[in-house]
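**Student:** The chain contents come next:
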Amino acid sequence: MPQYALVIDLNTCVGCHACATNCKEWNTQASFGPLSDFDPYGREPQGVWYNRIMSYEVGEFPNTQVFHLPKSCLHCQDAPCVPVCPTGASYKREQDGIVLVNYDDCIGCKLCSWSCPYGCREFDEADKVMKKCTLCIDRIYDESLPPEHRKPACVLTCPARARFFGDIEDPNSEVYKVIKERNGFVLFPDMGTNPANHYLPRTETKVHVDEHLLKHDNPLFLEVLRRHHVGG
Amino acid sequence: MHPPLSLIWFFLTAGTSIGLFTFTYFMEFLTLFGKNTAMPEKAVLVSVVLSLVLVGLGAVGASFHLGHKLRAWKAIKRFHTSWLSREAVFSGAYGFTLLLFGLAYYFKASPFLMHFFGIITFILGWLSAFSTAMIYASNRFVLEWNTSLTVLYYLNMYLMLGSSAFLALTYHYRPEFITTYLFLTFLFLSLGLAFRLAFNIRQFLISRPTINEALNLPHNRPIRVLDTGTTTNNYCTTEFYYKKGKDLLGSMLPVAYILTFVVPLFLVLYAWITGNHNYTFFALTFLSILIGSGIERWCFFVEGNHVQNLFYGLYPQEGYRLRKGYMERKQTRISLYG
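Just so you know, the protein sequences line up as chains A and B, in that order.
Per this note's numbering, the first sequence starts with residue 1, numbered consecutively.
Per this note's numbering, the second sequence starts with residue 233, numbered consecutively.
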């Protein structure tokens, strides 16, 4: 069964929030919008977002690393939010594995959000229904768009090209290959949800000064010397 | 978790309704075995009308928890998978058969019909209670709730409310059963206290996930939340983490224990031992259990920690530490009060 998903490269993600912003921009005006905002210019702005970027620091000072984790619905293959929905408004499509909410059937009981260990569903207080990432289903099947634009808004906008989209069950797809080649991992694997969205792990980048940089004829020699030997 | 007042209201009203009907019908049921336990007609009708009104008020109150009240009927669709759907179906059916039982009793229909509706109502009422309890107990992402203690305690609370309400009824209509219901109320109160204590003690022993597990990173790396992508609260931080509640929990939990268990147990034991069957005691017992249970339910919600809070750094801290070359899980460092 096909399973569309996002694969996010944590090694490349710079935490610029462009994916979240473009997601909000697209989805608030598209088929599954609006994503309501409350008090947007006040002291306590709040609103519905399909995608949020969290930033974490790993390690102990001075050996720390910061990484950014864009988190949207993971379209779990064993989605715990689906069976708990009393009306069947929350459902997983068989043809592509995307988890969606039928706003016409949602009664706004919030039980699906209680059953999501990732906190990826948000209740819209204006529409009184639960909202979540749709993987831009209104884009990816839109034949009026050029084929290269039939991707989720977050993938198209990412300036660092940290986001991939495709069928993770298809061995010929790009996402299948990057997950396999770069040890893609999922969030909270112990929860038994089998998330479809994967993350590519950070690899430690070590900066080392090459020999040729220290040669006298290197125009940057003085700069290198100043930084590494004078303590600049 | 943020405590929804409408659900606490539903618990109190449906709990009293189902509990009261249970004991009212139980007394009728025993007459099938030749016992002289039937309550006077007026008492049964008062009890049934009260139960009907309460379950009706409960249903109306609970609907305030929904975003779209008028679509609530759609909740019957996922009966095969959703405990909330089952609760909706069983609660509705309970109210309907309770009405039929009341009509059969009032119009003196054949004993077969009356007992038929009585037994069906009894079963549906308890199925409804069980389904409600399972909504919480089956949620494996709120570890405090994910235990059979949640169900046992929940069902026992219905019995506590029912037996104490029925105790007040026996005072007026069958005083010879006061001692029996004093004993039953005492029994359910003691069981409730034991279950609640076990529920609280268990919270210290739960093996909790860590942020490392949430992010699927090795356990030996300390992780700190730097930024959650928003400058203010969002749905996830308000629905799953109730800061004001966590601050108040330390004061509210003792009050819940005192009102739900200590005061009623004292009153019941006093009346039982001294034989002083004063109606004020019985009314106070019920009221104390009712108010205490409301506060207890509030605490139940606030005590629940959803695992998604890990991503926001709002989950009770627990982790691993390196000890003599192997990873050892740290002691749980949560306090009883959140």
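None of these hints come from the bench; they were simulated from the model.
Computed from a predicted model, the values in this text were never measured in an experiment.
Careful: at least some of the hints might be erroneous.
Stated by the list, open to error - To give an idea of the chain A side of the interface with chain B (calculated C-beta under 10 Å), a few residues: (1) D9; (2) P62; (3) T64; (4) A89; (5) K92; (6) L100; (7) S115; (8) D167; (9) R182; (10) V186; (11) D190; (12) K215; (13) L222; (14) E223.
Unchecked claim - The calculated DSS-like cross-link candidates involving lysine-lysine, where the alpha carbons are at most 27 Å apart (straight line), are: (15) K309(B) / K128(A); (16) K110(A) / K340(B); (17) K128(A) / K274(B); (18) K128(A) / K267(B).
C-beta: ideal position from N, C-alpha, C; glycine also.
**Student:** Take the hints in turn and mark each one as holding or not.
**Tutor:** Results for each hint:
no.	hint	in the structure
1	D9	15 Å, violated
2	P62	13 Å, violated
3	T64	8 Å, holds
4	A89	8 Å, holds
5	K92	12 Å, violated
6	L100	15 Å, violated
7	S115	6 Å, holds
8	D167	22 Å, violated
9	R182	14 Å, violated
10	V186	7 Å, holds
11	D190	6 Å, holds
12	K215	38 Å, violated
13	L222	36 Å, violated
14	E223	31 Å, violated
15	K309(B) / K128(A)	20 Å, holds
16	K110(A) / K340(B)	44 Å, violated
17	K128(A) / K274(B)	44 Å, violated
18	K128(A) / K267(B)	53 Å, violated
Hint check: violations occur at hints 1, 2, 5, 6, 8, 9, 12, 13, 14, 16, 17, 18; the rest are consistent with the structure.
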